[in-house]
Amino acid sequence: MDEIAKVPETCPECGALMGDKTAHADWHERTLDARLRKVSGQVTEQVQELAEKARRLGDRST
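Numbering-wise (the numbering used here), the sequence shown opens with residue 1 and increments by one.
Listed below are the simulated DSS-like cross-link pairs for lysine-lysine, each with C-alpha atoms no more than 27 Å apart in a straight line:
hint	residue 1	residue 2
1	K21	K38
2	K21	K6
3	K38	K53
Hints are computed from structural coordinates only; laboratory data are not their basis.
All figures in this text were calculated on a predicted structure; none of them were measured in a lab.
Work out the full structure: start from the sequences and follow the hints.
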C-alpha cells in the first residue's frame with residue numbers, strides 16, 4: 001500500500017495525457033506544427049479563390 005500509482009500529467013496545450021513529456025513535446029513540434037502549416041496553406045488558398053471570385057463578380061456588375 002506504500003506504492004502510489006503514478007498518474008500521467010495532462011498537457012496544458014492540448015489536454016492529452018503525457019506518459020513521456022519529452023516525446024509529447026517532440027510530437028507537438030513535429031506533428032502539430034506540420035498540421036498547422038497544412039491547414040494554414042489550405043485557408044490561404046481558399047481566401048485567394050474567394051478573392052478571385054469576388055473580383056470576377058465585381059467586374060461583371062460594372
